[in-house]
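Here are the chains, one letter per residue:
There are 4 protein chains.
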Amino acid sequence: MPAASATETVDFITRVRDSFARQGAMQTLGARLVRVEPGLVDICLDWAPGLTQQHGFLHAGMVSTALDSACGYAGLTQMPADAAVLTIEFKINLLAPAKGQRFRMEGRVIKPGRTITVTEGRAYAVDEGREKLIATMGCTLMCVQNRDGLNN
Amino acid sequence: MPAASATETVDFITRVRDSFARQGAMQTLGARLVRVEPGLVDICLDWAPGLTQQHGFLHAGMVSTALDSACGYAGLTQMPADAAVLTIEFKINLLAPAKGQRFRMEGRVIKPGRTITVTEGRAYAVDEGREKLIATMGCTLMCVQNRDGLNN
Amino acid sequence: MPAASATETVDFITRVRDSFARQGAMQTLGARLVRVEPGLVDICLDWAPGLTQQHGFLHAGMVSTALDSACGYAGLTQMPADAAVLTIEFKINLLAPAKGQRFRMEGRVIKPGRTITVTEGRAYAVDEGREKLIATMGCTLMCVQNRDGLNN
Amino acid sequence: MPAASATETVDFITRVRDSFARQGAMQTLGARLVRVEPGLVDICLDWAPGLTQQHGFLHAGMVSTALDSACGYAGLTQMPADAAVLTIEFKINLLAPAKGQRFRMEGRVIKPGRTITVTEGRAYAVDEGREKLIATMGCTLMCVQNRDGLNN
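Residue numbers (the working numbering), protein chains in the order written: chain A, 11 to 162; chain B, 11 to 162; chain C, 11 to 162; chain D, 11 to 162.
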């Protein structure tokens, strides 16, 4: 495969940023895109009272919301410019209470494909500079082209 | 097994309602507890711009946030009064875009246990009174007793 | 959709039976196809020492082998005659030790699709005529057409 | 944590080997334990006609049988000497057809725990010395002590 040109590189970063900005859920989470590379996206967010479960930790669903976006956009970086990405399914294991001031979610492509892309995610709680693995995700994506009403 | 007394019935409903009210995430979702019975909880919420993915549908993570709470509280209805419930893992399959005015999430206990409880969830989009299945979840819970800082 | 003709009905049953007969793994399990209907397949097998884990119960992987075939063939019943079915992923919850003389695995289509079909499976242990639910599966299938070396 | 004594090291290896030898399913697969270290187990097996799906590849269920044992025994290496290990659930993603002469399955502990241990598995097809990743697993284990009829 030939190396991506500078234009193409700009393109996938722009596409991910634009799509991320249209996700109302990411604004609700106060989530920021902190890294976008081919097959790799990192998202950060801060603890907030509107994201908690009953013990004051981050709700497992909110952890999975950020991980799902990280995995989905990691997949989108390697899809054609006119493709939309849909999540088929994901599974999350909660390893420890999501307790911390800040959280970092990693999405990584394990196996890209024309139709199906498989990704993995890891969530870390960050407390006073120390990172702790709190969740792992396996997430399967579908690349959709030429479907009405779906763009990236 | 003897029938639950009126007091016990009130107790598990009160415990679920109180815990639900402490989840900041449920307020962010505008989620309402609409049914609480032994092994069974339903949650409803309305579409809102702060809950969306890039195409304007409900974000898969927000669907899973409501389903995870429905499954977790379905499990809590059958746990001892002093127990806390933690999600070990869940898997969600997205069957159709989460497109609708309103959503109903069902959590059901499949297999209660002293330590591990297995539950299933189903999410429906409600549009002009018609319900459409949009997601299924399998969710494993742990019953935790006597752990510092964790109550129901 | 018009009703399937008698010829088409025979066709999907024949395709499932022929494909099942080519699975060496089903012979190793001593598995029998006991029900084949649109979107629905049941498989039975007997306990055997070559299928066990360390406590003498059916190995979780052997339970999932039979469930995966039941789910895959349930999906195949609703795919075009020239399609092959591939498993993208599955998740299994083991609810109780797989202890019994005989086992029955159900595969059911939850959501058929042109590319992606979502199915659910349930495994039962049968002991002296009494059935006990021992495992649940969620399984995602892909319908593949015109790919070299893959037929049903 | 103090270093394990030579006796303890021998103990966990012996316990894993003895338990593996009691799994009839591992003999059916022709599976060999090729690596046993704290939190880490590798299993190898050869292609055989009795392990196949309809296209002659290794059946997804047989891949998951070997991966489940690799993950379970990786967990057992870090459990108390009198504990038994049970699989609560696992999820497998099939990334490519399981096509090869030989297969290697890795089980790794991600998060050990007193009750719940979370592991990950990876399966590789080996063809003419070249390894290809064909499947990933996430597997949750329970450590069981003092339960009738269950030893390691």
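Any given hint could be a false lead.
Same chains, same label: a pair holds when it works inside one copy or across any pair of copies.
Below, simulated DMTMM-like cross-link-like pairs (lysine to aspartate or glutamate); rule was C-alpha separation at most 25 Å, straight line [claimed, not checked]: (1) Lys121 with Glu138; (2) Lys121 with Asp21; (3) Lys142 with Asp92; (4) Lys109 with Glu47; (5) Lys109 with Asp52; (6) Lys109 with Asp137; (7) Lys142 with Asp21; (8) Lys109 with Asp21; (9) Lys109 with Asp28; (10) Lys121 with Asp137; (11) Lys142 with Asp28; (12) Lys142 with Asp56; (13) Lys121 with Glu47.
Treat the hints as calculated values from the structure; they're not laboratory data.
Against the structure shown, which of the earlier numbered hints fail to hold, in ascending order?
Structure breaks hints 3, 4, 7, 8 and 11.
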